[in-house]
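Here is what each chain is made of, one letter per residue.
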Amino acid sequence: MERFDAIVVGAGPAGCAAAYTMAKAGLNILVLERGKYAGAKNMWGGALFGSAMNEVFPEFWKEAPVERSVSRHAISFLTKDASLSIDYKNAHRDSSSCPGFIILRAKFDQWMAGKVEKAGAIIASGLEVDDFIREGQAIRGVKVGGEEFPANLVILADGANSLLASKAGLRGEFKAEDLKQGVKEVLRLPREVIENRFNLQGTEGAVMEFVGHCTLGLPGGGFIYTNLDSLSVGVVVQLSALLEKRVKASDLIEEFKAHPVVQNLIRGGELLEYSAHLIPVSGVSMMPRLFADGIMITGDAAAMVLGTGLILEGANFAVAAGVAAGNAAIRAREKNDYSSIALQSYEQALKDTFVIKDLNTFREAPHFLENERIYNAYPQWACDMMSRIFCSDGKPRKNTFQVVRESMKGRFTVMQLLSDFMRARRAM
Amino acid sequence: MKVEDKLALNKFEVDRDVHIRVDEKICDLCEPKHCLYACPAECYVIRDGHVTFSYEGCLECGSCRFSCDRGAITWVNPRGGFGICYQYG
Numbered sequence: 001m002e003r004f005d006a007i008v009v010g011a012g013p014a015g016c017a018a019a020y021t022m023a024k025a026g027l028n029i030l031v032l033e034r035g036k037y038a039g040a041k042n043m044w045g046g047a048l049f050g051s052a053m054n055e056v057f058p059e060f061w062k063e064a065p066v067e068r069s070v071s072r073h074a075i076s077f078l079t080k081d082a083s084l085s086i087d088y089k090n091a092h093r094d095s096s097s098c099p100g101f102i103i104l105r106a107k108f109d110q111w112m113a114g115k116v117e118k119a120g121a122i123i124a125s126g127l128e129v130d131d132f133i134r135e136g137q138a139i140r141g142v143k144v145g146g147e148e149f150p151a152n153l154v155i156l157a158d159g160a161n162s163l164l165a166s167k168a169g170l171r172g173e174f175k176a177e178d179l180k181q182g183v184k185e186v187l188r189l190p191r192e193v194i195e196n197r198f199n200l201q202g203t204e205g206a207v208m209e210f211v212g213h214c215t216l217g218l219p220g221g222g223f224i225y226t227n228l229d230s231l232s233v234g235v236v237v238q239l240s241a242l243l244e245k246r247v248k249a250s251d252l253i254e255e256f257k258a259h260p261v262v263q264n265l266i267r268g269g270e271l272l273e274y275s276a277h278l279i280p281v282s283g284v285s286m287m288p289r290l291f292a293d294g295i296m297i298t299g300d301a302a303a304m305v306l307g308t309g310l311i312l313e314g315a316n317f318a319v320a321a322g323v324a325a326g327n328a329a330i331r332a333r334e335k336n337d338y339s340s341i342a343l344q345s346y347e348q349a350l351k352d353t354f355v356i357k358d359l360n361t362f363r364e365a366p367h368f369l370e371n372e373r374i375y376n377a378y379p380q381w382a383c384d385m386m387s388r389i390f391c392s393d394g395k396p397r398k399n400t401f402q403v404v405r406e407s408m409k410g411r412f413t414v415m416q417l418l419s420d421f422m423r424a425r426r427a428m
Numbered sequence: 001m002k003v004e005d006k007l008a009l010n011k012f013e014v015d016r017d018v019h020i021r022v023d024e025k026i027c028d029l030c031e032p033k034h035c036l037y038a039c040p041a042e043c044y045v046i047r048d049g050h051v052t053f054s055y056e057g058c059l060e061c062g063s064c065r066f067s068c069d070r071g072a073i074t075w076v077n078p079r080g081g082f083g084i085c086y087q088y089g
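So the protein lines, in turn, are chains U and Y.
Position 46 of the first sequence, counting from 1, maps to 46 under the working numbering, and the rest follow consecutively.
Position 36 of the second sequence, counting from 1, maps to 36 under the working numbering, and the rest follow consecutively.
Keep in mind that the hints were calculated from the coordinates and are not lab data.
Be aware that a few hints might be false.
Quick list of the computed label-pair ranges, beta carbon to beta carbon [to be verified]:
1. Gln-87(Y) - Arg-363(U): 36 to 42 Å
2. Gln-87(Y) - Lys-80(U): 31 to 37 Å
3. Arg-405(U) - Val-14(Y): 55 to 61 Å
List time: in silico DSSO-like cross-link candidates among lysine-lysine, alpha-carbon distance up to 30 Å [to be verified]:
4. Lys-25(Y) - Lys-167(U)
5. Lys-115(U) - Lys-11(Y)
6. Lys-36(U) - Lys-25(Y)
7. Lys-25(Y) - Lys-24(U)
Each residue gets a CB set at the ideal place from its N, CA and C atoms; glycine is no exception.
Build the full structure now, drawing on both the sequences and the hints.
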C-alpha cells in the first residue's frame with residue numbers, strides 16, 4: 001500500500017480545508033469519509049459567516065451551491081403567545097466584504113470535496129476508520145476494516161461525535177453539559193412565498209433566531225433559515241438540560257413550530273427531511289490536546305465552535321483551523337519530522353488566528369448562557385413590558401419607566417438584572 | 001406529525017449490522033433512563049416496562065452515547081456508506 005503524506009478523516013469543512021491546503025502544496029493526500037458521499041452525515045442550522053472559506057476558495061459563492069446570501073438577521077424573544085424582535089437588515093451591503101451565506105450541507109460539502117479532488121487529493125467515501133496504525137506512541141496511518149492505510153500524519157476532522165479523538169488519546173469523551181443538540185426540519189415552500197413572507201429580494205436570505213418559549217425556557221433557542229425554495233426550521237438545546245428536565249427535542253421542535261409567530265412563517269411548508277446533530281459549545285474549556293506524534297485534530301472534533309448567543313460560528317472556525325493544520329503538515333513534511341514537537345506549529349499558528357483569539361475573548365460566554373433567566377424571565381419581562389406599554393384600556397397611563405419596573409416584579413430583582421448585565425459585559 | 005413519520009421521509013442505507021448495542025439488563029436497573037430524552041429520533045422507547053432500542057432510524061448524532069452514565073450503550077458508527085444519508089443537511 002502506498003504511503004500517504006497525510007490522511008484526513010472526515011470530508012467536512014475542516015477536513016476539506018486541510019486536504020485542499022496540502023494537496024495544493026503537492027502533498028500526497030487521502031481523505032476518508034464515512035458517509036456515502038461528503039455531507040451525507042452533516043447538518044447544521046445553516047449559515048456560513050466569516051472570511052475563512054473565501055480565503056481557501058475565493059468567491060466560492062459564484063460557483064458553489066449556496067441557497068441565499070444573508071441580508072436580514074433577526075433575534076426574537078418569545079413567550080407563549082408573544083414575541084419581541086430585533087430585526088437587522090442591510091440592503092446596501094458593501095460588495096467588498098464577505099456576506100454570510102445560507103447553505104444546505106449535503107450539496108455544499110460535495111462541492112467542497114470536488115474541489116479537494118481537483119487539487120489532487122484522493123477522496124474515498126463510504127469508508128469508516130476503525131483504528132490507527134501505531135509505531136510506539138506515534139500514529140502512522142489508519143485501519144479501515146481489515147485494510148491498513150499507512151501515512152506520515154493523520155488529521156482528525158471527524159466531527160462532534162468523533163469516536164477517534166479518544167482512541168488517539170487526545171481527549172476523553174465530551175460531557176452532556178458541554179453539548180447542545182440541534183434538531184431540524186427542512187420544509188419545502190415556493191420561492192415567491194419565502195421572499196414575500198420574509199421580505200426578501202431575489203436571492204437575499206434571512207436568519208431568524210428565537211429565544212425563550214421555543215425551548216420551554218431551557219438553555220438554547222429556535223431558528224429559521226430561508227433556503228432558496230425551502231426553510232430550515234429547528235431548535236438547539238443543551239443536552240444535559242433535556243435529560244434533567246426529561247424533555248425531548250423532538251417535542252420541542254413541535255412546540256416551536258406551533259408558536260403563533262413561527263406558525264405564520266412556516267405555514268404550508270412540506271417536510272422534506274428531519275435531521276439532528278450535536279454541537280460542542282463549551283469552547284476552550286472543552287478543547288482537547290490538538291496534536292500528538294503523527295496526529296492533529298481540528299474542527300468540531302476539537303470543539304472549535306463559538307456561541308455567544310448573538311454569534312454562532314463553527315464552519316468558519318473549522319475552515320481556518322483546517323488550513324492551519326494543513327500548513328503545519330506542509331512544514332512537517334519539509335523537515336521530515338512528524339513528532340509532536342514539530343506539530344506544535346499547528347497550535348502556534350492557531351493562536352495567531354481568530355479561532356483561538358475569539359474563543360478566548362468569549363471564554364465566559366458558554367457559562368453565561370447557562371443562566372435560565374435568559375430563556376424564561378427576560379423574554380417574559382420584555383414581552384409583558386411591551387404589551388403594557390402598548391395597551392390602551394381606558395385607564396390613566398403610567399410612566400413608562402414605572403411600567404418597566406412593574407413588569408420585573410416576581411420575575412427577577414434589580415440586583416439579579418445588574419449582576420447578569422455585568423456578566424454579559426464580560427461574556428459578550 | 002410523529003417522529004417515525006418524519007424519519008420515513010429521510011434517506012437511510014440500512015445496514016444489516018446493528019451499530020449500537022444496548023444492554024437492556026442495565027437499563028432495567030436504571031432509574032433516570034436518559035436515553036429516552038436524549039434521542040431525537042426516539043429510537044429508545046419503553047415497551048412492556050423495558051427500554052427497547054431500534055437502530056434503523058438512528059441519525060448518528062451521538063446524544064445517547066454522551067447521555068448514558070450507566071455504560072449500557074456500546075456505540076460504533078454504521079459501516080462506511082450505511083446509515084443516514086442526508087439529502088439536504
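Hints, one by one, checked against the model:
1. Separation of Gln-87(Y) from Arg-363(U) is about 37 Å and conforms to the stated range, judged on CB atoms against 36 to 42 Å.
2. Judged by the Cβ atoms, the range 31 to 37 Å given for Gln-87(Y) and Lys-80(U) holds: they are separated by roughly 34 Å.
3. Range check, Arg-405(U) to Val-14(Y): Cβ separation about 59 Å, and the 55 to 61 Å hint holds.
4. Annotation: proposed proximity of Lys-25(Y) to Lys-167(U) holds, straight-line Cα distance about 27 Å (limit 30 Å).
5. Proximity of Lys-115(U) to Lys-11(Y) is assessed by CA-CA distance (about 25 Å); at most 30 Å being required, the pair is judged to hold.
6. Proposed proximity of Lys-36(U) and Lys-25(Y) is contradicted: the alpha carbons are some 34 Å apart, above 30 Å.
7. Proximity of Lys-25(Y) to Lys-24(U) is assessed by CA-CA distance (about 53 Å); at most 30 Å being required, the pair is judged violated.
When each numbered hint is compared with the structure, violations occur for hints 6 and 7.
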